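Enquirer: Chains as they are written, first to last, in numbering that gives the first Met the number 0: chain W, 0 to 354; chain S, 0 to 354; chain U, 0 to 354; chain E, 0 to 354.
Simulated from the structure, these hints should not be mistaken for lab results.
Treat the hints with care, as some may be off.
[Unchecked claim] What the simulated footprint calls covered on chain E by chain U, stretch by stretch (three residues with Cβ under 8 Å from a Cβ of chain U suffice, anywhere in the stretch; the number is not a length):
(1) 118 to 129
(2) 151 to 162
(3) 263 to 275
(4) 302 to 316
Please read all numbers here as calculations on a predicted model, not as lab measurements.
Glycine included, every Cβ here is placed at the ideal spot set by N, Cα and C.
There are 4 protein chains.
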Amino acid sequence: MSSSVGENIRLTLFGQSHSPAVGMTLEGIPAGKKIDQEELYRFLLRRAPGRNDWSTQRLETDQPEFLSGLVNSVTCGTPLTAVIRNADTRSGDYASLKTVPRPGHADYTAEVKYGGHQDFAGGGHFSGRLTAPLCVAGGICLQLLLSEGIRIFSRICSIGGIVDDSCFVSPVSEKAFPVVSDQRGEEMKALIAEKKAAGDSVGGVVECVALGIPAGIGDPIFGGMENRISSVVFGIPAVKGIEFGAGFAASRLSGSENNDAFLYENGKVVTETNHSGGILGGITDGMPLVFRVAFKPTPSIALPQRSVDLSTGESAKLIVPGRHDPCVVPRAVPCVEAAAALAVYDAFLGRKREI
Amino acid sequence: MSSSVGENIRLTLFGQSHSPAVGMTLEGIPAGKKIDQEELYRFLLRRAPGRNDWSTQRLETDQPEFLSGLVNSVTCGTPLTAVIRNADTRSGDYASLKTVPRPGHADYTAEVKYGGHQDFAGGGHFSGRLTAPLCVAGGICLQLLLSEGIRIFSRICSIGGIVDDSCFVSPVSEKAFPVVSDQRGEEMKALIAEKKAAGDSVGGVVECVALGIPAGIGDPIFGGMENRISSVVFGIPAVKGIEFGAGFAASRLSGSENNDAFLYENGKVVTETNHSGGILGGITDGMPLVFRVAFKPTPSIALPQRSVDLSTGESAKLIVPGRHDPCVVPRAVPCVEAAAALAVYDAFLGRKREI
Amino acid sequence: MSSSVGENIRLTLFGQSHSPAVGMTLEGIPAGKKIDQEELYRFLLRRAPGRNDWSTQRLETDQPEFLSGLVNSVTCGTPLTAVIRNADTRSGDYASLKTVPRPGHADYTAEVKYGGHQDFAGGGHFSGRLTAPLCVAGGICLQLLLSEGIRIFSRICSIGGIVDDSCFVSPVSEKAFPVVSDQRGEEMKALIAEKKAAGDSVGGVVECVALGIPAGIGDPIFGGMENRISSVVFGIPAVKGIEFGAGFAASRLSGSENNDAFLYENGKVVTETNHSGGILGGITDGMPLVFRVAFKPTPSIALPQRSVDLSTGESAKLIVPGRHDPCVVPRAVPCVEAAAALAVYDAFLGRKREI
Amino acid sequence: MSSSVGENIRLTLFGQSHSPAVGMTLEGIPAGKKIDQEELYRFLLRRAPGRNDWSTQRLETDQPEFLSGLVNSVTCGTPLTAVIRNADTRSGDYASLKTVPRPGHADYTAEVKYGGHQDFAGGGHFSGRLTAPLCVAGGICLQLLLSEGIRIFSRICSIGGIVDDSCFVSPVSEKAFPVVSDQRGEEMKALIAEKKAAGDSVGGVVECVALGIPAGIGDPIFGGMENRISSVVFGIPAVKGIEFGAGFAASRLSGSENNDAFLYENGKVVTETNHSGGILGGITDGMPLVFRVAFKPTPSIALPQRSVDLSTGESAKLIVPGRHDPCVVPRAVPCVEAAAALAVYDAFLGRKREI
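Work the whole structure out from these sequences, hints included.
Expert: In structure tokens, the structure reads:
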């Protein structure tokens with residue numbers, strides 16, 4: 000089922016941009032785990048819209064209500080379901096889109112797939128709004144991983160051609176604009192402002208690091224950490240690429256350059272370099288797990304665009320209505336952490352245990 | 000289960016590099032489909048080793064034996080199982096690896112995961128040999144897709160820093176070295192030969208195109224074509240990145256540049272450009288589906304490497320034994336086609352049908 | 000995941016007896032299907048408590064709220080989620096059960112499984128209350144099946160030793176007490192009243208019939224209609240047995256008696272008898288699909304019972320608090336229909352279609 | 000996929016009665032487990048045909064060849080695949096069945112499902128021959144369970160109307176005819192011989208007991224032990240019913256009779272009676288797990304039967320060719336053990352572990 004993912008834990012997302020609510024069910028979380036709901040809400044605020052210049056002005060409190068699975072904020076072993084009401088919906092904005100699909104959006108492909116029965120308001124189930132319940136699930140997994148000594152954090156790696164090329168080894172999540180080099184961050188914000196002013200948008204890359212994963216997590220072939228993480232990450236709208244460790248750059252290296260030599264450090268096996276991104280044969284080697292995710296520019300732009308009118312079979316000009324981010328990347332940072340946390344915690348629960 | 004993948008069809012790979020056989024079971028193929036076994040074998044030969052300068056000298060006939068699922072080469076609706084015997088195994092080559100893991104391989108991570116019980120001979124279940132049954136399954140799907148008007152083909156996009164930058168719109172599979180520009184191909188072969196002579200190896204990128212997929216194939220969120228394809232592709236050893244359409248380059252574009260305008264062409268909705276790689280919201284839009292896969296350089300190199308001896312807890316020098324490709328990319332080309340065919344046929348079987 | 004079931008459609012149940020809500024998510028329902036919510040509510044009322052002498056006096060409106068998946072009561076192709084608020088909860092009733100498990104209930108096994116973190120109020124996730132969202136899902140499937148010409152209906156087959164031995168070929172669902180022979184129904188009601196007066200309870204058998212399923216639905220081995228139906232039916236609390244067609248009685252017959260001869264009737268293949276219950280090799284043969292489900296007597300009885308006190312390690316006397324049905328069978332009748340509808344519609348969606 | 004089953008371990012069966020081989024792949028078995036292949040073969044011989052008066056005279060050595068997953072008879076953590084060659088096939092016997100379906104068999108339903116492309120020889124994938132690889136998988140699980148202190152064994156409970164009503168608390172597997180009362184066994188054998196002489200067949204019931212399962216195994220709702228066991232057991236051909244503990248008889252009891260009182264015995268919680276069959280809320284309570292399975296009489300009988308000729312649309316007389324058991328129950332005894340072992344070991348691997 001395409002709205003579900005996971006093996007040892009299973010996440011199901013439901014809801015549309017303008018349905019009564021969006022939400023998630025998370026099955027398989029062990030019993031007896033304390034969920035800090037305030038901490039979770041702080042995490043969700045990092046994704047929530049309407050808080051600054053570079054995000055949509057749609058206002059949602061995004062406060063999840065837990066319907067099941069918790070007793071006094073402790074998991075009871077059965078499915079966790081949380082819902083977030085959709086309050087600030089303006090379906091009227093979308094009436095014109097019924098027949099003229101927005102370029103870069105799923106309007107046309109959903110029309111073909113669902114034969115005209117899709118919920119076209121606000122992008123329906125394809126809306127970025129579905130990342131809110133994804134972050135509820137991921138925020139829970141982040142807490143559970145932290146209690147196992149595993150920390151996951153992300154940064155904006157680039158916006159357009161501007162790259163945050165500083166070394167990324169510790170969290171920058173407390174920053175409103177999560178980059179290592181604030182100078183680069185200012186340049187990025189200026190670029191976003193410039194694109195916004197021009198009625199345009201811009202893409203970027205998010206980098207994610209997981210520290211503290213023990214060696215031996217993940218599985219061969221289709222159960223590798225790369226397969227698992229990409230299965231979830233491509234569920235975030237606008238993602239068009241992913242690479243692990245040296246990634247595409249590894250394709251330009253020699254084996255003697257790319258291989259990470261093993262050595263002992265304080266009695267523990269480590270590697271001298273980390274071109275593999277902490278994954279060998281799909282399985283963690285105990286080094287930092289590192290990956291980068293490419294986001295395309297927001298397809299909703301204020302500039303007029305060319306499209307077709309499916310009702311007349313003719314060309315059409317389109318002005319996209321609604322409120323949109325000129326760049327999804329800043330708000331995507333916690334979404335990538337959430338996706339990574341889900342995949343990592345799922346694999347972690349499947350680790351070898353004595354039987 | 001990590002050796003299985005798929006939703007409407009399900010592939011399970013089994014076997015180790017030096018077990019009696021490797022093989023595959025493919026469930027869910029509709030009844031009444033003719034499988035051309037000679038055509039399948041020709042496809043498998045494109046992956047088979049020992050045929051030229053840039054592949055391992057291990058010789059295997061790689062002829063699959065079908066144990067079930069076929070009656071006179073026509074599918075009968077129940078699981079297809081095919082096995083390929085492992086003939087030319089030299090387990091003695093690997094005895095020294097029991098305690099000294101090869102850099103860039105799964106030796107160390109498998110040791111941790113399986114507690115020393117892994118099959119270390121030839122990489123066990125992690126071996127590139129498992130791509131032989133992957134190609135059996137993929138070769139079957141390629142035939143079934145072709146009968147639906149869908150054609151999938153790949154090329155070597157780059158080796159090291161040498162890029163085949165010619166336009167790629169039709170198959171080059173009949174070439175021994177599948178590139179569009181033979182001039183670039185010669186440069187690539189020279190680079191591979193040079194690395195081989197130096198006891199080293201080199202990586203590269205494979206590009207894959209699927210033509211003829213109707214619009215409306217694939218599903219939202221976790222069932223998108225990107226999720227589906229990457230779930231399979233990361234099952235090929237040495238893959239470290241994947242991108243769809245403009246991919247990472249899209250992160251450097253504006254929305255006005257990256258959005259693909261819709262227009263009518265002969266009464267059919269098409270897009271003017273194809274930065275999306277034929278996928279919007281995870282669902283095909285009827286344009287060519289395009290993706291690229293990054294392969295790291297073969298980790299097995301002849302040069303001495305630094306590793307650790309897990310039995311003594313000390314540093315160790317390692318000379319990797321066995322026979323290996325100085326570059327896996329040429330033989331990976333049909334593997335990428337196989338992976339794509341599996342994912343696309345699986346999604347295709349799930350398409351909307353009147354009920 | 001144990002709270003989910005299904006292959007082509009997937010149902011997930013969530014909630015506990017005394018959590019804010021119980022609910023369900025149903026994935027895979029095709030787009031464009033009209034759901035008659037009034038008809039659905041009428042179906043739910045057949046299961047709802049507090050309406051007569053033989054059911055618990057707990058009062059719940061049991062009105063589902065659809066949070067997603069519908070646009071103007073028509074499915075839009077993405078997950079359907081509905082929730083039912085838990086209004087009339089009296090958790091105080093259950094405080095004493097924390098340490099003294101009720102015989103015949105899951106209190107003890109949940110304690111062991113969840114290490115004391117289970118939601119013990121009202122049976123938590125094990126409560127019969129979870130059959131409310133099961134009936135939401137099943138009620139939807141019943142409507143969708145009806146539009147395909149498939150009708151599913153059940154009756155009370157026996158209560159205690161009293162058997163409704165009349166022929167069962169058309170629905171009796173409009174009756175408050177769904178039996179064919181009202182005379183037998185009166186005897187059954189008298190028996191239930193007698194047991195209730197004695198502070199005791201009684202079990203029974205429900206029979207279910209599905210008419211109009213075309214031949215060829217279901218799959219071999221583990222995907223047979225028997226496997227599929229029993230997978231769902233055993234999800235209803237208190238079910239301890241299931242049999243198809245002649246069932247256990249078939250074990251006492253000869254092959255020549257039990258085999259159903261094929262013959263042509265109006266140009267259609269039918270069988271002369273229907274000992275197989277409409278299923279051969281797991282696949283429907285076009286005859287009525289028939290099965291029976293055994294329910295144990297309600298374990299919650301007013302009589303004092305012997306148990307143990309897990310906190311002291313000593314014997315304990317127990318008076319079960321709360322409000323309970325002296326016989327679950329009448330309210331289980333729509334639950335069995337719901338379970339059957341889910342399994343049948345799931346298999347129906349997987350039927351052979353031209354490709 | 001209908002030829003696969005399981006959650007923590009996953010079994011896939013492949014092969015047809017007359018294909019080159021039948022076989023199985025078992026994924027998820029932990030690494031480092033010793034498999035005693037002689038012990039396994041002894042178990043398979045209990046199911047193998049041709050060894051006495053009450054089984055088919057088809058002769059097969061039924062010796063499995065392991066192709067993967069083992070290194071020196073120890074599991075290496077990756078998929079176990081074993082195949083059994085089909086040697087003594089006489090496809091000619093079945094030529095006449097192409098158009099005249101055998102009553103009680105899947106010939107007609109497979110014809111409809113697969114549109115005439117099914118493998119009709121010997122029942123194809125629906126053949127009882129597929130229980131050979133089921134027993135390979137189950138035999139492995141029986142060994143692994145035994146090393147955990149869990150013992151599973153079955154008996155013939157009844158043949159036709161003759162019931163082995165002795166108490167069943169320890170294995171009778173060493174007997175050629177596995178009943179507790181040999182006197183009843185003689186009567187059963189006489190009945191089978193009588194039916195055979197008359198060209199007829201007879202059904203029966205198998206009872207299975209699992210001792211030593213700790214409390215807390217299994218899951219709520221659809222993951223209960225009843226759901227899990229019936230999902231596998233209905234994969235054995237000819238099964239038409241299953242009941243747990245008191246089963247159908249419980250439907251005739253009062254709650255005060257059926258509830259199993261808890262008490263302490265040697266400091267351990269036990270129940271005074273075991274009407275629940277060791278399962279409460281789908282989860283084991285530490286008492287013996289008990290269930291019974293109803294088998295219909297072998298549909299292949301020597302007596303002439305009435306059927307239809309699908310090629311002419313007319314009635315037809317049929318004499319079933321081939322070699323068949325007059326009663327499948329004796330050979331089904333190890334199959335039921337195998338099915339139970341699979342389901343129990345699967346649930347056992349999912350038990351609560353500290354995280």
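Enquirer: Confirm or reject each hint.
Expert: Cross-check of the supplied hints:
1. Only residues whose C-beta sits within less than 8 Å of a C-beta in chain U count toward coverage, and the stretch 118 to 129 of chain E has 3 of them, enough to reach three; the restraint holds.
2. Beta-carbon proximity to chain U at under 8 Å applies to 3 residues in the stretch 151 to 162 of chain E; the threshold of 3 is reached and the given coverage holds.
3. Three residues within the 8 Å Cβ limit are the bar, and the stretch 263 to 275 of chain E against chain U gives 7, so the coverage statement holds.
4. For the stretch 302 to 316 of chain E, the stated coverage by chain U holds: 9 residues have a C-beta nearer than 8 Å to a C-beta of that chain, and at least 3 were required.
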